[in-house]
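K.L.:
Using the sequences and the hints given, assemble the complete structure.
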Amino acid sequence: MTTSTTITTSSKTLTREEADAFGRELDELRREVAEDLGQRDVDHIRAVIKAANYAETAGRLLLAFGFGPVTFALGAGALGVSKILENMEIGHNVMHGQYDFARDPALSGRAYEWDNVCDGGDWRHSHNYEHHTFTNILGKDRDVGYGFLRVSEEQRWHPSHLAQPFTASLLAINFQWGVATHDLRLDELKRDPEARATIGTRARPFLEKAGWQLFKDYAFYPALSLWNAPRVLAGNLLANLGRNLWTFAVIFCGHFPEGVRVFHADEAANESRGQWYLRQIAGSANIEGGKWLHLLTGHLSHQIEHHLFPELPAARYPEMAPRVREICERHGQAYNTGSFAKQLGSVAKRLVKLALPSPRASRASRASRSAKVVAPETATTSTSTSRAAA
Amino acid sequence: MTNTSSLSSTGTHGTHASPVISRRRLVPRMARGLFLDRQLAFWRKELGLAPAGLTRARVVAVVKETADVRTFLLRPGAGWRRHQAGQWVSLEVEVDGVRLRRCYSLSSGPSDLFVSITVKRVPGGRVSGWLHDNVRVGDMLSIGPAMGEFVLPETGRSKPTPPTGLLLLSGGSGVTPVMSILRELEVRGPIEDVVFVHHARSRADVPFAADLAWIARRNPGLRVIIHCDDEGVRGFDEARFTEAVPDFARRETYLCGPAPMMVRVEETWLRAGATAKLRRERFAAPIVTRTQGDDEKLVQVRLSAAGRTVTAGGEGNLLEQLERAGLTPKFGCRIGICQTCKCRKTSGTVLDLISGAISSEPDEDIRLCTSVARSDLELGL
Ligand SMILES: Cc1cc2nc3c(=O)[nH]c(=O)nc-3n(C[C@H](O)[C@H](O)[C@H](O)COP(=O)(O)OP(=O)(O)OC[C@H]3O[C@@H](n4cnc5c(N)ncnc54)[C@H](O)[C@@H]3O)c2cc1C
Ligand code: FES
Numbered sequence: 036m037t038t039s040t041t042i043t044t045s046s047k048t049l050t051r052e053e054a055d056a057f058g059r060e061l062d063e064l065r066r067e068v069a070e071d072l073g074q075r076d077v078d079h080i081r082a083v084i085k086a087a088n089y090a091e092t093a094g095r096l097l098l099a100f101g102f103g104p105v106t107f108a109l110g111a112g113a114l115g116v117s118k119i120l121e122n123m124e125i126g127h128n129v130m131h132g133q134y135d136f137a138r139d140p141a142l143s144g145r146a147y148e149w150d151n152v153c154d155g156g157d158w159r160h161s162h163n164y165e166h167h168t169f170t171n172i173l174g175k176d177r178d179v180g181y182g183f184l185r186v187s188e189e190q191r192w193h194p195s196h197l198a199q200p201f202t203a204s205l206l207a208i209n210f211q212w213g214v215a216t217h218d219l220r221l222d223e224l225k226r227d228p229e230a231r232a233t234i235g236t237r238a239r240p241f242l243e244k245a246g247w248q249l250f251k252d253y254a255f256y257p258a259l260s261l262w263n264a265p266r267v268l269a270g271n272l273l274a275n276l277g278r279n280l281w282t283f284a285v286i287f288c289g290h291f292p293e294g295v296r297v298f299h300a301d302e303a304a305n306e307s308r309g310q311w312y313l314r315q316i317a318g319s320a321n322i323e324g325g326k327w328l329h330l331l332t333g334h335l336s337h338q339i340e341h342h343l344f345p346e347l348p349a350a351r352y353p354e355m356a357p358r359v360r361e362i363c364e365r366h367g368q369a370y371n372t373g374s375f376a377k378q379l380g381s382v383a384k385r386l387v388k389l390a391l392p393s394p395r396a397s398r399a400s401r402a403s404r405s406a407k408v409v410a411p412e413t414a415t416t417s418t419s420t421s422r423a424a425a
Numbered sequence: 489m490t491n492t493s494s495l496s497s498t499g500t501h502g503t504h505a506s507p508v509i510s511r512r513r514l515v516p517r518m519a520r521g522l523f524l525d526r527q528l529a530f531w532r533k534e535l536g537l538a539p540a541g542l543t544r545a546r547v548v549a550v551v552k553e554t555a556d557v558r559t560f561l562l563r564p565g566a567g568w569r570r571h572q573a574g575q576w577v578s579l580e581v582e583v584d585g586v587r588l589r590r591c592y593s594l595s596s597g598p599s600d601l602f603v604s605i606t607v608k609r610v611p612g613g614r615v616s617g618w619l620h621d622n623v624r625v626g627d628m629l630s631i632g633p634a635m636g637e638f639v640l641p642e643t644g645r646s647k648p649t650p651p652t653g654l655l656l657l658s659g660g661s662g663v664t665p666v667m668s669i670l671r672e673l674e675v676r677g678p679i680e681d682v683v684f685v686h687h688a689r690s691r692a693d694v695p696f697a698a699d700l701a702w703i704a705r706r707n708p709g710l711r712v713i714i715h716c717d718d719e720g721v722r723g724f725d726e727a728r729f730t731e732a733v734p735d736f737a738r739r740e741t742y743l744c745g746p747a748p749m750m751v752r753v754e755e756t757w758l759r760a761g762a763t764a765k766l767r768r769e770r771f772a773a774p775i776v777t778r779t780q781g782d783d784e785k786l787v788q789v790r791l792s793a794a795g796r797t798v799t800a801g802g803e804g805n806l807l808e809q810l811e812r813a814g815l816t817p818k819f820g821c822r823i824g825i826c827q828t829c830k831c832r833k834t835s836g837t838v839l840d841l842i843s844g845a846i847s848s849e850p851d852e853d854i855r856l857c858t859s860v861a862r863s864d865l866e867l868g869l
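Residue numbers (this note's numbering), protein chains in the order written: chain A, 36 to 425; chain B, 489 to 869.
Heads up, a few of these hints could be off.
To be verified - Derived DSS-like pairs (lysine-lysine); straight-line CA-CA distance at most 30 Å:
| # | chain 1 | residue 1 | chain 2 | residue 2 |
| --- | --- | --- | --- | --- |
| 1 | B | LYS533 | A | LYS251 |
| 2 | A | LYS175 | A | LYS388 |
| 3 | A | LYS85 | B | LYS533 |
| 4 | B | LYS533 | A | LYS326 |
| 5 | B | LYS818 | A | LYS225 |
| 6 | A | LYS175 | B | LYS533 |
These are calculated hints, taken from the structure and not from any lab test. Keep in mind the model is a prediction, meaning the values are calculated, not measured.
P.N.:
Put into structure tokens, the structure is as follows:
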């Protein structure tokens with residue numbers, strides 16, 4: 036293929052024993068941070084909850100009682116930022132159980148329900164379980180292209196992929212709906228009668244949640260503001276749109292830039308803890324940036340750390356990242372990181388490139404490796420961003 | 489109260505609302521659907537109000553009773569309802585970001601100006617240690633409503649007559665609820681034919697010593713006996729006790745003390761055929777901590793939601809053991825990542841295989857797939 040596939044990564048193939056030695060270092064890091072959890076972490080998440088609540092209230096008041104375009108823009112902006120904070124730093128992370136150690140019912144991973152149309156229970160299944168356990172395994176992690184996008188050469192090309200620059204944009208605009216319907220496996224309805232038979236019951240939590248959400252943003256709050264109802268409705272729509280575009284960008288940068296690997300089920304069979312770690316690193320990419328960027332991404336800008344330690348408070352990832360990177364370097368593992376613009380550009384380029392048919396990366400080249408060993412292979416394509424110690 | 493949110497959201501996913509939602513359920517459902525419940529809770533906290541179900545109480549004084557016992561006098565705010573002598577409250581504190589709840593008997597009488605708890609510092613104890621080290625006059629503490637059945641029988645309707653022929657029997661920090669009862673008796677009228685027997689390590693370790701002396705001086709009908717470990721036998725000794733209170737079997741007895749003492753008292757009362765007259769208050773369920781070699785041993789797991797008890801044990805983690813016992817707990821990854829198997833542990837001790845931590849904390853969420861039982865358990869399954 037063309038230009039960008041020429042660079043090879045420097046990830047070393049590790050034996051099971053080497054992988055486990057690598058894993059033990061990460062376990063040690065996990066233990067260190069887990070033991071240090073305390074007031075600082077709880078104070079942080081409460082401060083973010085406070086910011087999100089104040090922003091939401093300010094946004095709703097500005098939309099309802101303001102007039103003119105300036106208060107409209109400010110109101111929609113504040114509401115959008117509040118929704119981003121709530122969905123990313125609060126909702127996503129709390130629902131991972133990251134703050135369960137605090138034993139505060141308001142921070143309980145099992146109880147928390149986030150402010151978007153995706154039902155918390157559905158999410159805990161499709162994301163916490165499927166995506167985090169089977170990260171980037173083709174056919175098992177349904178986050179790989181969400182069943183309709185081709186994000187890796189390893190996925191078989193289909194004529195429908197020709198439209199993917201367009202369908203991906205549609206997904207970006209409606210991202211919360213994509214996330215919300217993900218666990219319903221709508222793509223399986225056509226071929227699986229079992230899926231068709233159960234869709235009614237399976238869809239109920241989603242329908243209920245989505246119903247309340249639509250009612251909240253497009254009926255309840257507009258109605259409360261009487262004559263300003265259209266303005267409030269438009270502001271809420273805009274805030275949701277902003278949140279959708281932002282979360283789409285962050286999530287796509289986390290798993291689909293150049294250099295991120297996908298796996299075949301047989302590669303991940305019987306993998307050890309250390310090998311599971313290797314797969315998480317090879318399947319994730321970080322975004323570099325400042326404190327605010329990290330916060331607004333819910334620290335998913337540290338996708339690699341998040342996939343290694345999904346149950347540790349995400350705000351700890353920035354301080355863990357240099358250690359993870361150093362461990363990766365010593366064990367010869369690529370650590371995929373780059374600026375937001377770079378990673379997003381890479382994702383966009385790939386979505387366009389992979390819309391066209393391309394030879395699937397030959398699996399024969401991987402046959403030399405035992406099916407059980409999981410390690411990023413040297414032949415995988417990558418950009419310079421994925422070079423360890425870039 | 490505090491767990492309404494957890495009930496509600498599991499409800500959303502697990503059990504589906506019936507098509508016809510009654511009006512009684514519509515309001516909370518709507519509050520939840522629109523996130524108004526959460527916002528209300530947030531703004532209440534911003535305004536310094538107590539979370540639902542708890543009362544905020546200001547610390548008005550801290551009294552050093554003995555070397556390791558302190559009394560905290562509290563002025564509860566709105567929502568507090570007068571307690572009965574002998575009852576306890578649940579106290580919620582946050583120690584280094586972690587919320588902990590402990591029960592403390594109220595040592596004050598119901599008619600006292602302030603409510604008080606009296607806390608003994610347990611070596612290595614998180615809450616008792618924190619209270620001793622951190623709580624100052626002016627601080628706010630969160631307490632639940634007064635609860636418990638360790639109270640005087642209400643004999644009269646409007647003006648209860650003071651009960652006579654009582655025996656108040658305590659050891660260590662178990663003196664707190666009986667002290668509250670004694671204070672109530674004092675208020676109700678001259679105390680008649682009441683014996684107060686307390687067990688302490690030494691004279692210096694007796695809390696409320698001045699109050700006791702004062703009440704005894706004003707009430708000739710009260711006999712106060714203090715048995716000290718350093719003046720003879722350690723703890724409760726039947727011979728010494730029966731010599732001091734030969735008519736114990738006829739007395740309505742209120743007993744509170746360390747577990748070993750309570751066992752010995754119970755034996756004495758059983759032999760005297762007086763068990764029916766013995767009222768007990770326990771501060772701690774005996775915690776059986778199993779050691780590494782005990783892995784094969786079996787434990788009883790009470791499942792509070794299912795309303796039954798199963799025996800678990802043998803190889804593997806709790807998830808596997810419960811499955812072998814015929815249960816089907818929810819699970820996902822089975823390696824501690826996804827949190828699907830998390831469930832509430834109401835009591836008992838577990839070892840977390842990933843962190844290596846052993847925890848006896850009541851009301852905590854544990855991952856079944858990374859936990860092993862170290863005692864009998866009660867789970868919210
Ligand atoms: C109904 C009721 C009333 C109570 N009233 C009082 C009271 O009036 N005054 C009071 O001081 N306490 C009282 N307690 C006990 C209190 O609730 C706590 O258990 C105690 O303060 C220890 O908590 P901690 O967090 O400091 O210790 P933890 O951190 O929970 O425990 C630390 C260590 O101490 C051991 N331990 C825990 N509790 C005790 C205990 N009671 N005696 C000896 N070892 C223990 C634990 O096994 C553990 O090894 C009462 C308990 C109940 C159930
Ligand atoms: S089953 Fe996934 S954490 Fe236990």
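K.L.:
Any of the earlier hints contradicted here, and which numbers?
P.N.:
Those not satisfied come down to hint 6.
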